[in-house]
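Asks: Those sequence lines, one after another, are chains A and B.
Per my numbering, residue 1 is the first one in the first sequence, and the count goes up by one each step.
Per my numbering, residue 1001 is the first one in the second sequence, and the count goes up by one each step.
A couple of the hints might just be wrong.
What the hints assert, rightly or not - Each computed BS3-like pair below joins lysine-lysine, with the alpha-carbon atoms no more than 30 Å apart: (1) A/Lys78 - B/Lys1589; (2) A/Lys258 - A/Lys243; (3) B/Lys1427 - B/Lys1532; (4) A/Lys138 - B/Lys1509; (5) B/Lys1532 - A/Lys78; (6) A/Lys149 - B/Lys1532; (7) B/Lys1589 - B/Lys1427; (8) A/Lys135 - A/Lys243; (9) A/Lys243 - A/Lys149; (10) A/Lys243 - A/Lys138; (11) B/Lys1509 - B/Lys1589; (12) A/Lys149 - A/Lys258; (13) A/Lys78 - B/Lys1427; (14) A/Lys258 - A/Lys138; (15) A/Lys138 - A/Lys149.
Just so you know, these hints were derived from the structure itself, not from any lab.
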Amino acid sequence: MSEPNHARRFGVIWLVATLIATPLAILLLGPILPPGNGSEQASEQVTDNTVLLAMATPVLLLVVIYLIYSVICFRQPKGGALEGPAVRGDARVQTTWIVVTSLLVLSLATFATVRLETDYGSGSGSGPTPLTVPKGPKLPVQVIAQQWKFTFRYPTYGGVETPHLVLPVGQMVELHVTSLDVIHSFWAIQLGVKVDANPGVDNVAFVRPTRVQTFEVRCSELCGIWHGAMFDYGHVVTPSAFKTWIHQEQVTFAPATKLLPPYSTTYVPNPTRRGE
Amino acid sequence: MSTTTASASAPQPTHRPLWRRALGFNLLTAVLLGVGGYYLGWFIGHQISGPSFNYESATDENDVALLLAYFFGVVGFLIGLGFANYPLSRLLGRPASLREKEQEGIGRYFGLCTDHKVVGLQYLVGIGVFFFIGGLNAMLIRTELLHDTPTVVGPNQYLSLVGMHGTMMMGMFTSGVLGPFANYFVPIMIGARRMAFPRIESLTFWLLMAAGFILTSTIFFGGFPTGWTGYEPLNDQAVIGMDSYICFFALVGVSMCLLGVNMLATIMTMRAPGMTWSRLPIFVWSVFATAVILVLAAPVLVATLLMASLDRTIDTSFFIVGGGGSPYLFENLFWFFGHPEVYVLALPGFGILLELLPVFARKPLWGYRLAVSGMLGVTLLSFFVWQHHLFVSGINADLRPFYMLSTEIISIPTGFIFLCVMGTLWKGRISFAVPMLFCLAWVFNFLIGGLSGVFLSDAPSDTGTHGSFFVMAHFHYTIMGGLIFTFFAAIYYWVPKMTGLRFNESLAKWHFWLMFISFNSTFLPLFALGMKGMPRRVSSYAPNLVGLNVWVSISAFVLGFSMLIFLFNAVYSLIFVREPAAANPWHSKSIEWQTPTPVPVHNFEQIPVFDADPYDYGTPLPLAGTQAAPAGT
């Protein structure tokens, strides 16, 4: 019995599986990948996730099919005591593997870097002075986290502070996230935004919501016993509805706004300690 | 001056009366001195700082007292075990001896013993106990998550459980995973009679056990709310249960560092003649790489926790914004330890895997040098990636491309391991014994873990998944799917050597299949849960995620049940049935299987001389051209 050409057979199986599965993964899984199309940043992240998925599928198939192939074709016969060939390596295979994985990894890192910078931090917290800042008018919104709720401050609207997050659609929003006590993380799930709220730090992120919607806000960093309950809904509304809403809030919270510190883009109160 | 010279005095006869045996340096004395030290520390602490009461629950909230109590307790415990005897007698000019090694009987497993084989078994049982406690915590966590609001244990207890589960698994089990097999087999594999520092070897184990006890004691002090990461300022804000965490992890850090030093010294200086670096078994290489990480990373943890304890006790401000400190400092220092630490959990798995594959594929290890460079590459790179844990934190945001690059580069050496696995399987004669099943499961599990890691290392993609159940699923795939599966492979492979007894094979196969299926059924859905918006460490979550969570919980219970099968098998096979194992059941060519069972106290009559690596399997290929050559030439 002649041994089949395992390398060629495995190669063909893998190639066929890859050619079928990769487009399927992109077409079927791609559109349902989170975080969805709630904002420009979210849509860009879906694209990134799809690219990573397209890269990961062939690798996944390579190893899994190899594993299954070996388990089926290279078994020890029952009760047998056969030995395999005493091969200790193959310079060509090793070199190819190193070159291919290096290229794959370097291209992924380059791709991610370009995406991160062109998309203004991809909705993630980019520190007090982000490297890339979108041009044009921006709506600054300060997110103040504390145990266990978020407060939202609109500096350009008299510094009104409100427990509700409402954003106008199509407007680039500049989020300034900070905390009054421990580390929290502001996660607007459907908008593709996640920014750590550190006491004493103004952490900036950019997001442009693209449609009218309701989105979930959650805390994504362990902050004490009610961490899991630290969630709320935010709303993206039309610009005119936003104007109406913010004026209403200004009236409602006017007595409180009077007591708040004067206008600034950042607002870093002293954190509290145990026993105080 | 040789420390291996047997003591002049013969071992004492063992049939002394019970009360006489209870006196002296043993576990009983250790516990008594430990308790005494605890109360002494508590008393001194209160003399220094006076009691401070928490007005809500009227509990004594004296951090100084508790930390001193733990400190004196541990010191008393170690003195009771006899760790002070050797340094003191050397100070008094008495001769050195390794008398602790010559003990006989079951009693040596319950005290200071310098026989590396005893320490290996101590470790196996010791960390095994904490693995099961940690597993029970996980069962309670999953019970709570059956419902989307806190119902069963309440949010406070829930956080304590999450913290206990994570900390216990990281500190007590996976950090100590070198303990059983490295302590037992590294000296044998390199042809040595003992470890370089046998007393330190025993010290690492007893420090770990003291640490485990301290961690468990946190339940009497209100638990700790921070999870295993202990982030500031939540750490500073927490009740005194947090001090248990600090003291626990600092002790684990000391234990890990000492273990690393000991392994490095042993591997570097105690190799038998002919055991060159290029003949070192790949498992020993993985221990070497792990030990480098332990020595370099663990001290950072100890220093970090010292700072945290000072913040808590005498109101320094290392991590407190109001006083000029920064929580970022804690995050940086913690992950500077923490990320190398997760490779401490991966590398022994690589080593066990590559050590076992040739035996069951009946082929030499494919790509030995590639595997070694892969491990060393991971070791080196592991110190350059820690800020990928802080992609959304806002610190050094402009450095994110660098940390993306370094993190993704680390998948190149990890890829070497996959290539070596695949090369070793290629055209092998694979037999599916239980250890091999666990190894093959590693390939699938670690692949999923690794590929999901690529998503996390990509900063734009990480925005969605950071701090969510996606991360949780990722590291359970690498740690549980990677390390714990190979750990079980090692148990089924090596325990017959360590005990001379064999496991019941059909129970072992049930254990494997149930564990493999329920493991994947538990953790694959967690990727989806994370992407759908479930943050980590929550006791309440969005109602639309209840269905998936119930599925995960039920799978987790099955996973827990598979562990019970293992436990039953271990007790049933090793304690009740006691069927002797074959001398070399796997037909391994590694040296540990050529020694008698049980391995003699000094391992070898004569130090062996090596002339090849232990992977001499397979039929040699005919050299190209030899068949074509005419017979006469």
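Asks: State for each hint whether it applies.
Replies: Okay, the hints, checked on the actual structure:
1. A/Lys78 - B/Lys1589: Since the Cα atoms of A/Lys78 and B/Lys1589 sit roughly 21 Å apart, the hinted pair holds (cutoff 30 Å).
2. A/Lys258 - A/Lys243: holds, 21 Å
3. B/Lys1427 - B/Lys1532: violated, 42 Å
4. A/Lys138 - B/Lys1509: violated, 62 Å
5. B/Lys1532 - A/Lys78: Between B/Lys1532 and A/Lys78 the Cα gap is close to 47 Å, so the pair fails against 30 Å, i.e. violated.
6. A/Lys149 - B/Lys1532: Distance of about 21 Å is within 30 Å: holds.
7. B/Lys1589 - B/Lys1427: holds, 19 Å
8. A/Lys135 - A/Lys243: Answer holds: A/Lys135 to A/Lys243 is near 22 Å, not above 30 Å.
9. A/Lys243 - A/Lys149: holds, 24 Å
10. A/Lys243 - A/Lys138: holds, 15 Å
11. B/Lys1509 - B/Lys1589: holds, 25 Å
12. A/Lys149 - A/Lys258: Cα-Cα ~22 Å, so holds.
13. A/Lys78 - B/Lys1427: Given that 30 Å is the threshold and the Cα spacing comes to 16 Å, the pair holds.
14. A/Lys258 - A/Lys138: holds, 25 Å
15. A/Lys138 - A/Lys149: holds, 25 Å
In terms of the numbered hints stated before, the structure departs from hints 3, 4, 5, listed from lowest to highest.
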